[in-house]
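Protein chains: 2
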Amino acid sequence: MKGAVLYGPRDVRYVDREDPKIVEPTDVIIRMSATCVCGSDLWPFRGIDISNQPTAMGHEYCGIVEEVGREVKKIKRGQFVVGSFFASDNSCPICQSGYQSRCVQAKPLGAEGAQAPYLRVPLADGTLVPTPELPPNELVPGLLATSDVLGTGWFGADAAAVAPGKTVVIVGDGAVGLCAVIAAKHMGAERIVMMSRHTARQQLAREFGATDIVTERGDEGVACIKDLTSGLGAHSTIEAVGTQEAMMQAIRSTRPGGHVGYVGVSHGVALPGLELFFAEVHLLGGPAPVRRFLPELIDLVCQQKINPGKVFDLELPLEQVAEGYRAMDERRAIKTLLVP
Amino acid sequence: MKGAVLYGPRDVRYVDREDPKIVEPTDVIIRMSATCVCGSDLWPFRGIDISNQPTAMGHEYCGIVEEVGREVKKIKRGQFVVGSFFASDNSCPICQSGYQSRCVQAKPLGAEGAQAPYLRVPLADGTLVPTPELPPNELVPGLLATSDVLGTGWFGADAAAVAPGKTVVIVGDGAVGLCAVIAAKHMGAERIVMMSRHTARQQLAREFGATDIVTERGDEGVACIKDLTSGLGAHSTIEAVGTQEAMMQAIRSTRPGGHVGYVGVSHGVALPGLELFFAEVHLLGGPAPVRRFLPELIDLVCQQKINPGKVFDLELPLEQVAEGYRAMDERRAIKTLLVP
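In the order they appear, the protein sequences are chains A and B.
Letter by letter, the first sequence follows residues 189 to 528 of the working numbering.
Letter by letter, the second sequence follows residues 189 to 528 of the working numbering.
Derived from the structure by calculation, the hints contain no laboratory data.
In this text the structure is predicted, and so the values were computed from the model without any measurement.
Check before you lean on any hint, since a few could be wrong.
Subject to a maximum C-alpha distance of 25 Å in a straight line, what follows is the list of computed SDA-like cross-link-like pairs (lysine to any residue) [stated by the list, open to error]:
id, chain 1, residue 1, chain 2, residue 2
1, A, Lys414, B, Pro324
2, A, Lys264, A, Val203
3, B, Lys295, A, Phe465
4, B, Lys295, A, Leu502
5, B, Lys295, A, Thr417
Please work from the sequences and hints to get the whole structure.
Here it is, written out as structure tokens:
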């Protein structure tokens, strides 16, 4: 088969790769229905955290089970399945407490390269969640979104303790931040403030349930949030960027005793201890334990109660994956769907 | 009256100061039954964060109400009262959510200098909690402890989400860390691990309910905690020091999804974002909202269900306050009680 490989900064190619095969008896092979480009794929695409080896890319996936390892018990050939970007056994004490992305056996799916027509998924029984039946095509983008971008936004909102009556601020208007709006709305937030200066993203945020848009950033952005909240700050803030500026904007926008959920992969961040001490906010973040949320999210998508597939504003054949990266890098697209 | 004043590094004197008087109509004046030296007083005593002005010292207090401002409604002359080191109105939205140390009107009591025979307490109705009746002398040390050291340890345990069945680690064997043992025991922790290499403190930790002592620090200490927890780390870790080493030891000792409550006043700490991201622990800390816990803690002390007064292993007349600082600085005493 062919698949996406990153050779160097801004050099993604659709090239021959080995067909994936069962390695461990707990693996399955899926035939990809759709995959996509993640905001976090842009870091190595831009030359940050890049490997010096050609690297298979992609970690978001959904598709049909083609082949099943001999120790796989729950997942069956022919099922439509979604999984997270971390394979997990879903049974260790860490998984059982809801942190499957830090499973004692966690394996990053990125290493397998999901931007390809076939994918090996380790620990299949723990990792994958099947849909009740084969979904119609129009639900595939939404189901794909549950694999990472929606699951990550959901974790951000959960980590930020979003609840009915709360004022929620979202820092970062990428696909994860936009999905966090869906989550905050679903969790009953009273006020959802999206910090964005990009018209198309503001529009989608409003469609998903944002009640306010703040275009200012940094100290000015924080001042706007204080103005909106009687000087107190938000109850819950979701950080979906990963930079120092975004983290400090999130912490400073939150009231004492409030919660910051941070899901942007951290790049060059150092949190000043004394400011954090006197900020007195709850902090929780990291790679989202998407597996915890998958059954609920798949259900919400299948019942068409939410439509996270709208974050895909560009759809390309998989062989045009390089253009998919470029469009996101240049912010011409929020998120690129790739169809084999 | 006389009171403790810091003139420079290691130069605390008991000198003439103005008698405190009612300034705002919401103030009261209390006659001190006992006060003490805090671990955080040692930072300026050692020349760190020191003011270049002579500074009245002390922020822990309990005593008898002598004089009441005209707008004080609940607190009465003659009551025995305890308050926190932050005055708070106990009615603003931040107070109502349990973060009185960040009250919109919060005023640090340290500015008043509690190491003295009399003290002005602002926002008295919100700040002070009276005992049901005048306590016998032997309960005064325990009641004084609720004012900060116990309340702070309690907040650390609460912030670390200590609960029945949990394994709790405490980094820091000062009076706050030792009081955190009392809190963890009261909250039903199954295993309480004190990290300490000081025999007398280990002994008191065990008396308060610690089940294990770890003498190693840094990476070796973390490895010991992993060994004790099937490689996973603690559910709940309380940090009661405030240094980079202690914070990292606390974070690394905690399992993914676990909780770190940090109450050591932060000195030179910078938390590395990427490590924090992949640690995936809950973080909450800051100046303890002691007022939230005071009614319960006063009740527990008055009913003699807990005895936090044991952290005072040195009692001196107030005029010997300088020796009280020296004894703690040299670790000859855990905590010094001062009696006017």
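Hint compliance check: list the failing hint numbers for this structure, sorted ascending. The structure breaks hints 1, 2 and 4; every other hint is satisfied.
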